[in-house]
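Q: Reassemble the complex: the two chains are provided individually, in unrelated frames, and hints are given to aid placement.
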Amino acid sequence: MRATTTPPPSREPHRWRNTARFRRLGLQTTPGRIRALAAVVVLAIAGFYFVANIAVGNARDGLRVIGHDAGPQVLATGDLYFALSDMDSQVASILLTGREHSPGTRQQALHRYNRDRATANRAAIQAAELSADDPTDQATVRSILDGLGRYERLASQAMVLDAQANHPAGPPPRNVIAVYRQATDLMTQELLPPAYNLTLEGGATVREAYAAKRSAVLSGRLWVALAGLAVIAALAGLQTFVTARFRRRLNLALAVATLGLLLLTVSAVRLLSDQAAHLQAAKTSGFDSILTMARARAISNSLHADESRFLLDPGRADTYSLAYLDKSQAVLYAASRNLGEYYTALGTAIKAYRANPRAVRFLGFYGDEARAHPGPAVTTLLSRFQQFQTDDQRIRQLTGAGHDRQAAMLVTGHSAGSPGYSFDQYDQAVVSLIVRHRGTFDQTIRAGDRELGRSVVGNWSVVLPLAAVGAAVLVAVGIRARLVEYR
Amino acid sequence: MHGRRAGAAAVVALALGLSMAACSASGPPSIVGKQTLRIGVKEDQPGLGLRLPDGRFAGFDVDVARYVAAKLDVRPDHITFVPVTSATRETALGNGSVDLVFATYSITPERATKVTFGGPYYVAHQDTMVRAGDTAIRSVHDLKGKRLCAVAGSNSWKRVTQALNIAAVLAPAASYSACVAMLRDRRTDAVSTDDLILAGFAARAGPAVRIVNEPFSYERYGIGIRKGDLSGCEAVNRAVSQMYLDGTAAALLQKWFGRTRLQLDTRVPQFEGCE
Chain A
1 MRATTTPPPS
11 REPHRWRNTA
21 RFRRLGLQTT
31 PGRIRALAAV
41 VVLAIAGFYF
51 VANIAVGNAR
61 DGLRVIGHDA
71 GPQVLATGDL
81 YFALSDMDSQ
91 VASILLTGRE
101 HSPGTRQQAL
111 HRYNRDRATA
121 NRAAIQAAEL
131 SADDPTDQAT
141 VRSILDGLGR
151 YERLASQAMV
161 LDAQANHPAG
171 PPPRNVIAVY
181 RQATDLMTQE
191 LLPPAYNLTL
201 EGGATVREAY
211 AAKRSAVLSG
221 RLWVALAGLA
231 VIAALAGLQT
241 FVTARFRRRL
251 NLALAVATLG
261 LLLLTVSAVR
271 LLSDQAAHLQ
281 AAKTSGFDSI
291 LTMARARAIS
301 NSLHADESRF
311 LLDPGRADTY
321 SLAYLDKSQA
331 VLYAASRNLG
341 EYYTALGTAI
351 KAYRANPRAV
361 RFLGFYGDEA
371 RAHPGPAVTT
381 LLSRFQQFQT
391 DDQRIRQLTG
401 AGHDRQAAML
411 VTGHSAGSPG
421 YSFDQYDQAV
431 VSLIVRHRGT
441 FDQTIRAGDR
451 ELGRSVVGNW
461 SVVLPLAAVG
471 AAVLVAVGIR
481 ARLVEYR
Chain B
1 MHGRRAGAAA
11 VVALALGLSM
21 AACSASGPPS
31 IVGKQTLRIG
41 VKEDQPGLGL
51 RLPDGRFAGF
61 DVDVARYVAA
71 KLDVRPDHIT
81 FVPVTSATRE
91 TALGNGSVDL
101 VFATYSITPE
111 RATKVTFGGP
121 YYVAHQDTMV
131 RAGDTAIRSV
141 HDLKGKRLCA
151 VAGSNSWKRV
161 TQALNIAAVL
171 APAASYSACV
181 AMLRDRRTDA
191 VSTDDLILAG
201 FAARAGPAVR
211 IVNEPFSYER
221 YGIGIRKGDL
231 SGCEAVNRAV
241 SQMYLDGTAA
251 ALLQKWFGRT
261 RLQLDTRVPQ
271 FEGCE
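In order, the protein sequence lines correspond to chains A and B.
Oh and the first sequence: position 354 is 354 in our numbering, straight run, nothing missing.
Oh and the second sequence: position 68 is 68 in our numbering, straight run, nothing missing.
Check the hints yourself; a few may be wrong.
To be verified - Going by beta-carbon spacing under 10 angstroms, a handful of chain B positions derived as facing chain A: (1) Arg-66; (2) Tyr-67; (3) Thr-108; (4) Pro-109; (5) Thr-113; (6) Arg-159; (7) Phe-216; (8) Arg-220; (9) Leu-230; (10) Glu-234; (11) Asn-237; (12) Gln-270; (13) Glu-272; (14) Glu-275.
Unchecked claim - Computed cross-link-like contacts, DSS-like style, restricted to lysine-lysine with a CA-CA straight-line distance of at most 27 angstroms: (15) B:Lys-158 - B:Lys-114; (16) A:Lys-327 - B:Lys-158; (17) B:Lys-227 - A:Lys-327; (18) A:Lys-351 - B:Lys-114; (19) B:Lys-227 - B:Lys-114; (20) B:Lys-114 - B:Lys-71; (21) B:Lys-158 - B:Lys-34; (22) A:Lys-327 - A:Lys-351; (23) A:Lys-327 - B:Lys-114; (24) B:Lys-34 - B:Lys-144; (25) B:Lys-34 - B:Lys-71; (26) B:Lys-144 - B:Lys-158.
FYI, nobody ran anything at the bench for these hints, they're computed from the structure.
From the three backbone atoms N, C-alpha and C, an ideal C-beta is built for every residue, glycine too.
For reference, chain B alone in the conformation it holds in the complex (with noise of 0.2 angstroms):
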């Protein structure tokens, strides 16, 4: 009868419209709703990203990535930090092998154009450290004719040859931890990069080694992201500026580095936007 078939029907459709309200838009994989995430950070930098003896992570980049993971639901236990070098971040994300990266990734146009940028978490300065008893090297100009490490896949040897045309010696080497060691061997002249890396650094390796302090640069610490996963950017930057609003920041920010010389902003940085 067809009364009863189509009453049938109504109340399908009903049932149907009951749940459509739950529907939402399906887009390409993204890291908002993963219940576990891997995250990319440095192994080597004190401060920043550091492997201890144990085989956990300590630095700031870890615990930001820990608080930017919990404000995306992922248990602290569901993270798995995975060491990336320099040279090795862009390829890690774009091969899948790591969802996030937090270290001491500095946002630049170029790289933009392979990784989605949420962040900048925060804004430091490149800066160049020096043996102690150089007094010739009183800024990055003096670098002239100077052996510069230069770690590959890093920008900062890249701003002081390339982008400031400096006529520095390049000394090659795959981290920061090699260009100190190789600063105290003299086999290289200076090590420049961000202030954040070297304070850290020249904490451990105390009065042998001299920040010229001499900030020259903005270097904006990215979170590096699947080129395209704008909801996970968009959802990662919310992360950043709730913890410079509860505070967080700030705390980690005194954690970490409180007891160097460096000058901390606490305040949330501009951010890149999600492309």
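For reference, chain A alone in the conformation it holds in the complex (with noise of 0.2 angstroms):
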């Protein structure tokens, strides 16, 4: 216990000390002014929290949105689409076949199309459940699924009246293109258009996410930074008033405080920095990777069965032709202006990509993955794109030259060789840049989501509020000794 029972005397009274408003809050006295003190320490405490709360909730949000959210939407509805589009494609390939099928081919195409059917409602229920918060999303899945209804009605009469005409390999009679077209229309322009719509949409989410999130981060963490110094200089003041006044060496508590803001604010700082960057890697290094390849997933398998549809159905042969070209050029743009100069441009640009993959002169979903993601794996899937191209270049020829029923049976074979099986191969290399980018968009979110707590020891939180409320009962706690002096 302290032997001075009379406080310390006051030093020379200032001139604004002795108004009226000084005095009534009580700030000539000692006690009245350690009181001032600690309110103003409280005070930044609870400012401290404020920002620190907003920032880490900020960095919390962005995690949300690109990496169980949107991100996964993207996913999902790149599967929808892509089943949807392969469904079509199968059914063009079972109408293209007629009686010719070699064993277990037809069976095949209706296997996949089945398949595709089921991966379809998997994909549609997951990105139903993932736009829970949407209803608009929601009811445009609702409405893919009725439509998807609808589209197995019209393609399951195409084949049983395909099945009927009993018809060669190729273009079968009329009144099964008159039934497919209205199917492969429902596709096309329904079913397809919303689904690719909102996987762009997932897209445009995350980007906006992205960048407001993240600059919220780093400006919060200068803020943080700067309110971490603010309680600290505030608990300093304290601290100096107390020992000089006191004439005491150090009072415990206060420098327990202090030294307990100073980590948080060192580890809430880190924190920041870290959550940037983990959004900036799933963002730059996964999701973007994600979002292009799950296009050009779409695309491709698109203009695939454009180049079954153009020989299905010769009263559009143009129409799917150009088509064909136009989603190809999305693909991997080389400047051309028919496919004839598609098939030589696209070669030179492999070729100089192979000799020098740092300098990518091609556009187009695969140009920005070149640029992005230089390596094997994307030389592979250039060189599977190339032959597929090939492969397609062969089959217009047979048709270009009369030969119909060879191109047919070409493109609907999915042997070793075949254009259908360069078209599989060149999807597995697709899919396994997908899964590649993946892995990097997951682990990235696994970390950033571990950092900011799953679990309570180190719950954010959780540490955030017990942090603050515990440095205030610190001050209390250490200005009380002093206060009851004056008692």
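A: Given below as structure tokens:
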């Protein structure tokens, strides 16, 4: 216990210290000043808590949108698009084969058709779950599923008519084409566009969330550092005042509070830096490429279907071959005025890339991918795309020479060396890149989640309020013993 | 005194913290947030973009542009329509003399290397218009050896002579209204372009011309945006989605093309995606 019973004398009074307002606040007495300083410290702690809470909340929101909502939504809707598009592709293949299916090919196509339908249903349910808080998106997914029912009826009608027609490989009779046109128009104009637009919307959501949340986390980091410094300065001020007035060495409670807040500030700043880095990695090394490749896969499947439709429906051959060219250019853009020139330009572009993977001289999805992730996986992807295009050229040469039947047999085959096989190989290369980017993406999202604390220990929504309250209690304890002396 | 200064700093930090939530990312200039918009439209295509005698613009493209601008929070009297031709669309966007282009602007991979495309807001189909008495031309392939009107900057004639390799003889023109005049004056044998454009001209030309009605392509009408304005592109796409959802698209198509024989598609098209 302290020996002194009289409070230390006040220093030379300052002019404004004698104002009425000053006296009303009780600042002319030492206990009053201690209380005022303590109030400033507590306010600063509250400010720190407020600022840190917002910054950590921004990091959490960013991770949630990118990693758990829109990111998975892009994957689910990408799968949905692929499965739907592939259903139509399989129907075209069955109709093209006619009675000339080698043992098992028709069965195989039907099997794939059913598998696609199951995948589409699963992906649609997943997409609906992920858009639980967006009624418009949910309605879109529902309408896709409704349309799918109508599509299936038309497709089976076309397949039944086709079986009855018992035609050789090549374009089926007119009545079959008429029903298939209804089916494929329904698919390409009513079912696929909303699925693709949902994928794009997921991409837009991620881009916006990333831009807003990452910069918020980074500016939050600055504010946390400033607020932490302010609290520490306020605590130091209180400490100085108390030790000077009461001629004591150190107020232990205040010192502990200062040290605690210093640690908290440093780790909060580090956490926010790491979170910003995770957001960046998830977006630029994972998500962007997932989106690019998911779109490339969707468009590729649809151009593959255009190849079959071109053979199936001679009345629309021009439409389908022009669409095929446009879509090929979207996947890999090499300047060319028609398909003939495209095959050549594609060959030249890929050859140049192989010679020097650092100088990517083509645009489109694969231009982006090759620039972002140069390496053997992209080289494989490009070679397989080129092989698929070479086979396409062969098919078009056959039809051009009047060998429709031969072209149809080629395009529907899936044995090694056939165009169907080369498309499957190409699609696998696309999928393996998606899987790879997905790995990077999941890894960074998991790291971010871990640091924000899914567990209680290290969980920032627990640590932050506890630390703030703890610091305020320490301040109260620290000044209480001094104030008691004035009772 | 330390305590007082630190306290003041803490209060400042707190105040700044409050304003922190309002902070947003700054990016490259975008059409989003602009108070006024200059929109490039055609001035000579009836039904799509036509300058009326009083100087105002009217047509499907113009109405779609107004709808999208409203969704971007631009007041109707803050929109300036600027006439563009097929040849000037990319330059007008590039040099900033227009903010957006709604001018029967088909998305092509080649154009997509120069501008960012929102939409498409409609998918038209290329068809061919000939003189009513000309029965020799029944499909685009019959244009071999015939004179085909070629509008500078347009993709339509390229579809015929380059993409489909049909050896038509090109008759250059500056616009589709000029092409239609040339067709009637026998200075060209055919005008091949989007069915929406042809329908507008056919309605005016009456029995003098005939549309072959053998569509052979998908022409995806994009909204031209300055290259790289991603947030602008995304905002425009949301507006187009909304336009189909709330029935405006169907109403506008009916308003401008309801009296033609065209099969109008009132379902939202597959977007190009913003790059």
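Q: Failing hints, ascending?
A: Numbers 1, 2, 21 and 24, in rising order.
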